[in-house]
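Sequences listed follow chains D and H, in order.
Residues 1 to 333, numbered by this note's numbering, are exactly what the first sequence covers, in order.
Residues 1 to 221, numbered by this note's numbering, are exactly what the second sequence covers, in order.
For the record, the hints were derived by calculation from the structure and aren't laboratory data.
Watch out, some of these pointers could steer you wrong.
If you want a taste of the chain D side facing chain H, the calculated C-beta under 7 Å gives, among others [unchecked claim]:
| no. | residue |
| --- | --- |
| 1 | Gly37 |
| 2 | Phe41 |
| 3 | His86 |
| 4 | Ser159 |
| 5 | Ser161 |
Simulated restraints on C-beta separations [what the hints assert, rightly or not]:
| no. | chain 1 | residue 1 | chain 2 | residue 2 | range |
| --- | --- | --- | --- | --- | --- |
| 6 | H | Lys106 | D | Ser195 | 37 to 43 Å |
| 7 | D | Leu328 | H | Glu82 | 50 to 56 Å |
| 8 | D | Asp129 | H | Asp163 | 36 to 42 Å |
| 9 | H | Leu152 | D | Pro226 | 38 to 44 Å |
| 10 | D | Glu304 | H | Cys108 | 32 to 38 Å |
Note that this is a predicted model, so its numbers are computed, not measured.
Note that beta-carbon positions come from the ideal geometry of N, C-alpha and C, so glycine has one too.
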Amino acid sequence: MEIFDYSRVESAAQAIAAGARSKTAQQGANVRFIAGGTTLFDLMKLNVEHPETVVDINHLPLDKIERTNSGFQIGALVRNSDLAHHPEIVKHYPVLSQALLSGASAQLRNRATTGGNLLQRTRCVYFRDTHMPCNKREPGSGCSAIEGFNRNLAILGTSESCIATNPSDMNVALMALDAVVHIQGTKGARTVPISSFFLLPGKTPHIENVLQPGDLVTHVSLPALPEGTRSVYLKLRDRASYEFALSSAAVVAHVRDGKFESIGIALGGVGTMPWRAKAAEAMLKGTTVDPAKFRSAAEAVLKEARPQSENGFKIELATRCLTQALKLATRNA
Amino acid sequence: MSEDPNKPENNQDFPSSALGPSSRRTFLSGVGAAGLVASLTPFSAAETAVRPLEAPSSGGESFARSGALVNIRLRVNGKDHEVQIDPRSSLLDCLRENLHLTGAKKGCDHGQCGACTVHINGRRANSCLSLALTNQGDEITTIEGIGAPEKLHPMQASFVEHDGYQCGYCTSGQIMSAVALLKEPCGGADADVKEAMSGNICRCGAYANIVDAIQKVRGKA
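Generate the whole structure from the sequences, applying the supplied hints.
Here's what the structure looks like:
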């Protein structure tokens with residue numbers, strides 16, 4: 001690990017001023033905010049990240065879950081375990097609680113934060129191995145995964161430069177819930193819908209989201225859902241626990257008079273970013289709830305899939321995962 | 001290793017100055033480089049920069065990138081300590097190398113095995129993934145802080161009773177996780193315990209006995 005400056009900030013303004021000195025807010029940033037550290041410190045040990053300055057933001061007052069006029073607002077420093085077990089979150093957004101509890105381990109969830117999970121980095125083994133080419137880590141060096149070990153990597157949103165999967169479960173739930181990311185930066189505060197927060201790899205897989213130097217994610221907000229909305233997170237993986245998804249699905253459905261009044265669907269484990277399943281939503285919204293239609297809705301999403309040498313099985317796995325999640329979300333509806 | 005393990009060690013190859021002033025790590029790595037496997041003279045902690053604090057004071061809030069050691073204050077097992085560390089130290093390394101609390105173990109060093117589990121402010125955490133600098137002001141508890149050989153914590157006693165280990169390397173992490181679990185929302189079934197304990201890997205495969213040990217303490221056995 002390389003040597004770094006360390007500073008502990010007490011206000012968002014201090015954090016923003018410190019962050020603004022970075023050349024980038026993306027891979028290889030020379031200034032990094034640290035909260036739980038479960039991703040950043042890990043990657044620093046691997047020399048994948050080597051910030052010159054580490055800014056400790058743990059003392060900022062961003063650790064509250066609050067009800068607002070339009071839903072809930074979650075501070076960026078709310079720990080994953082606190083969010084997952086919060087009674088109002090469990091009651092109103094079970095998909096989020098389930099997604100969080102399906103990720104990592106109890107120890108990690110006690111440290112990992114909402115903001116950190118949002119910015120969680122891929123688990124692609126080549127990204128984490130500085131001896132191997134990786135366009136996400138070293139732009140222009142090539143992608144080792146496309147011709148390499150790619151069983152657990154993405155089939156949606158890939159490019160010739162990168163097929164790394166976004167590993168977060170929380171992000172999949174946030175995507176299905178239409179969450180909004182609140183950011184404070186050098187030019188003031190702004191909000192970004194989560195559907196616009198992440199960027200496809202394209203030719204620049206080292207740029208993963210819209211954050212600029214000095215930007216501090218302060219909150220994530222969740223819209224209030226209509227009474228009777230049901231939601232579920234289903235995760236399929238190689239082990240029963242403590243493993244990243246091979247495929248997962250988040251479904252948020254409001255059924256009225258036997259019809260999908262509204263529906264939000266996102267997939268995890270298969271996309272280079274948490275994958276909004278717009279094709280399935282379009283097929284189901286406004287229609288009568290009929291489990292016989294669920295598989296074709298799922299197939300419509302996976303139609304765009306581009307499998308690699310080892311991960312073609314994910315097409316069927318993700319199709320079944322979403323089909324089953326839709327059934328779970330509409331059981332007895 | 002080619003050295004005869006029965007051959008007496010030749011400490012003259014390692015004048016004390018080559019071992020560095022304080023670090024067990026540098027001592028062991030110096031020895032390891034020469035391929036010695038014979039018994040080692042126990043190192044002295046006398047030179048380490050660890051001392052209980054007489055009065056609390058506010059810690060330094062920033063330092064420049066110089067490679068110098070820094071002083072931090074850590075509260076561990078109810079006692080305040082001022083420790084001089086490499087700023088890159090994990091909490092785990094700080095506990096083991098500076099405070100000589102070697103109960104927490106280094107397994108993977110990447111938050112994947114759970115052997116380093118301690119409590120931070122009453123909640124379990126992987127000490128290998130916590131930058132020690134960020135733990136100033138936290139209340140840290142290690143396995144040394146929950147029981148002693150003559151007065152075992154009920155969870156420690158239950159692990160003994162149920163043979164919840166084999167080699168023992170993961171055990172302190174397992175027990176720290178299990179003690180924390182008692183205060184967490186966790187269902188009563190064995191499956192719930194297995195899920196809650198999935199962050200602690202046991203290479204020997206003592207899982208069934210570990211679950212039994214925990215359930216006994218929870219009154220679910």
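Going down the list of hints, with the structure as the test:
no.: 1; hint: Gly37; in the structure: holds (5 Å)
no.: 2; hint: Phe41; in the structure: holds (5 Å)
no.: 3; hint: His86; in the structure: violated (11 Å)
no.: 4; hint: Ser159; in the structure: violated (28 Å)
no.: 5; hint: Ser161; in the structure: violated (26 Å)
no.: 6; hint: H/Lys106 to D/Ser195: 37 to 43 Å; in the structure: holds (41 Å)
no.: 7; hint: D/Leu328 to H/Glu82: 50 to 56 Å; in the structure: holds (54 Å)
no.: 8; hint: D/Asp129 to H/Asp163: 36 to 42 Å; in the structure: holds (39 Å)
no.: 9; hint: H/Leu152 to D/Pro226: 38 to 44 Å; in the structure: violated (54 Å)
no.: 10; hint: D/Glu304 to H/Cys108: 32 to 38 Å; in the structure: holds (36 Å)
When held up to the earlier numbered hints, the structure conflicts with 3, 4, 5 and 9 and fits the remainder.
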